[in-house]
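Colleague: Position chain S against the provided structure of chain R, taking the given hints into account.
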Amino acid sequence: MPAPCKTTVAVFKFSSCDGCQLQLLNMEDEILSLANEVEIAYFLEARRRTLPGPYDVALVEGSVTTPDEVERIKAIRGQSKFLVALGTCATAGGIQALRNYADADEYARAVYPHPEYLHFLPTATPIAEHVPVDLELWGCPINKGDFLEVISALLQNRKPNLPQHSVCLECKRRGLACVIVAKNTLCLGPATRSGCGALCPSCGRGCYGCFGPQPGMDLNSLVPTLRAMEKERGETARLLRHVSGYAPAFSKAAESILEEEKKQ
Amino acid sequence: MTASNTKIVNNIEVPALARVEGEGGLYIGVQDGKIKEIRVDIYEPPRFFEGFLRGRSMFEVPDITARICGICPVAYQMSAVNALEASQGVTVTPAIRALRKLLYCAEYIESHALHIFLLQAPDLLGQESAISLAAVAPEVVTKALRMKKVGNAILRVIGGRSVHPVSTVVGGFYRWPEKENLTALLPELEWSLTAAAETVRWATTLPYPDLEIDCEYVALHHPQEYGVLDGEIVSSSGQKISVAEYEKYYLEEHVRHSNSLHSHTRDGKKYMVGPLARLNLNSEQLGPAAQSLMKELKIKPPIHNPFKALLARTLELIDAYEDAIRLIKGYNPEGPSRVEFEPKAGEGCGASEAPRGLLFHKYSVDGQGLVQKARIVPPTSQNLARMEADLWEFAPKVLDKPHEQATLACEHLVRSYDPCISCATHFVRWECKDGE
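These protein sequences, in sequence, are chains R and S. Going by the working numbering, the first sequence opens with residue 1, and the numbers climb by one from there. Going by the working numbering, the second sequence opens with residue 265, and the numbers climb by one from there.
No wet-lab data here; the hints were simulated from the structure. Among the hints, a few may not be true.
Per the computed footprint, the stretches of chain S lying under chain R, defined by three or more beta-carbons under 8 angstroms from a beta-carbon of chain R, are [to be verified]: (1) 284 to 290; (2) 321 to 328; (3) 334 to 344; (4) 383 to 395; (5) 402 to 415; (6) 422 to 434.
Note that the coordinates shown come from a computational prediction; the quantities given were computed from them, not determined experimentally. Note that beta-carbon positions come from the ideal geometry of N, C-alpha and C, so glycine has one too.
Just chain R, same shape as in the assembly (with noise of 0.2 angstroms):
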């Protein structure tokens, strides 16, 4: 029997890849000592056996799409101490929020001959839309090491030192090439907040956005020089709707390179 005093945490599922649980699965030299340290209450990915609520830390993945989803957060919720949104889908939709500038039931009736077998919203968003979230983590995939900084600091009953600065600076302390100047190549890392260890400018190309918009950083400046790089139109606002495209600072700024575009 487990020992009474263990913190037990649950991992839930809601629209998503499976990405960000797997790279739980992926911590090979961790997850055994991880289970030991806490008791893995419900982890459908992973175990079969499951126990009931309440929990102490709820790590939710993926992004809110249907009305069923909508009730099971607010369960969710109601029987968890800790809530944790783990990666973009759950911080800011993830890639599926694409359809919230689209028509969803048109994505229906073009990709289901009987779209009225299926129950979804017209939007995907993020867990904070429906609930308090006590904490974001974010990443198309989370970091492995951001991962158990958060679970390190929960048992220790501490703050979790996350990184603060954006990818731009990363490629600086790594003293990778600027793919802005050096190749001209378009690139998010400056708005982008770190966690990745600047992976794209790494491999020669520019950032995606995987980690969400850095916090307080100013898009205003960094579009401008995007879109006078732009080799064809809507370049910079495809960029900018990406994994990351409905977090508000993302989605905020490709909106007004659209209208923009539609008044030229």
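Modeller: Below, chain S alone, put in the same frame as chain R:
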């Protein structure tokens, strides 16, 4: 619960399947000792990828399709680039193709090791998970995690990270990885190759439930190698077609209990894709390590027991390690990592063998390289009808067992397919879109 509850006492209901990727359930309706209804329910919400791919640049497609599945993003990138390169008449260099094969080996290692040990083996060892298995047999789980880890390490060297790697582009790679970063992984791969041989031997000793099915197997076939990256589509009925002809021969229908479409052949047969289908159709092309183990252990495909997909996975796992070692030793990045081309209007089909089976993509793009139409047929939707058909064969054999045991056995059958339900919920019907 209704009054009919008193009559229907033995229904098997699994509202949420564990140790599968995504959200699905299982329902077997039993009345008076007879099975009336079987459903593998897919309630993973639709995410409409084919909808929002429209209007995106073809160069953004691999980054977007990767997000269909966190476990097999490389498969979604490879089928996408195959289809888009076909639409542009672009052929990649042998060096690019070799690196793609290595990237795919890494995904097979990571995905198969996960499924063999963490998802399916607990069913065969009487455990609810690898976590409980670790309490009684820590050496098995520790070994499994180490075997899996090296796959993720290769993914990181080539693609920057293991989930949603970033180096793949239509035409090749954004950059070549450093040779020394790959060769540094050789000792761990050699260790894994030995561990994988033990794994195949171990897999032949597991207590698989009895089940023999009569079914059609469908997989890619490549003339020179075990078909994974590309090839023609072959079936156990002797049919051989090009990837471009796929839609003429394999059809989908939308059933009410599923947010996924069910596939069948054009003459109405339910078919199987995945490791067992590949092994049954292409086993002679596995490398020397797998061949010698098949000989030693008297493994003689075709194998018609779906539970033994685990055994097929272990053979593919050892093959992936052996192939990865060969590809790393021969890695010699020459010339540009990417074939440059000017986008033009065109339409193209592409397929590759995801760890779970045949993955078909089709795109049409306009003169600026923007996607006009997209269609994706994932392996799990092709297997769904087969899963239900197998359950019709299997469930009557276990109905007399205690309820919990019968439920577990039926769940195990579904899990043996390694269903990837997140993948299975976004399909497009090409004909519908033509009506726009």
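Colleague: Now tell me if each hint is right for this structure.
Modeller: Structure-based check of each hint:
1. 284 to 290: It holds, with 4 qualifying residues against the three required.
2. 321 to 328: Per the Cβ count (4), the hint holds.
3. 334 to 344: With 3 residues in contact (Cβ-Cβ under 8 angstroms with chain R), the coverage given for the region 334 to 344 of chain S holds.
4. 383 to 395: holds (count 5)
5. 402 to 415: It holds, with 7 qualifying residues against the three required.
6. 422 to 434: holds (count 8)
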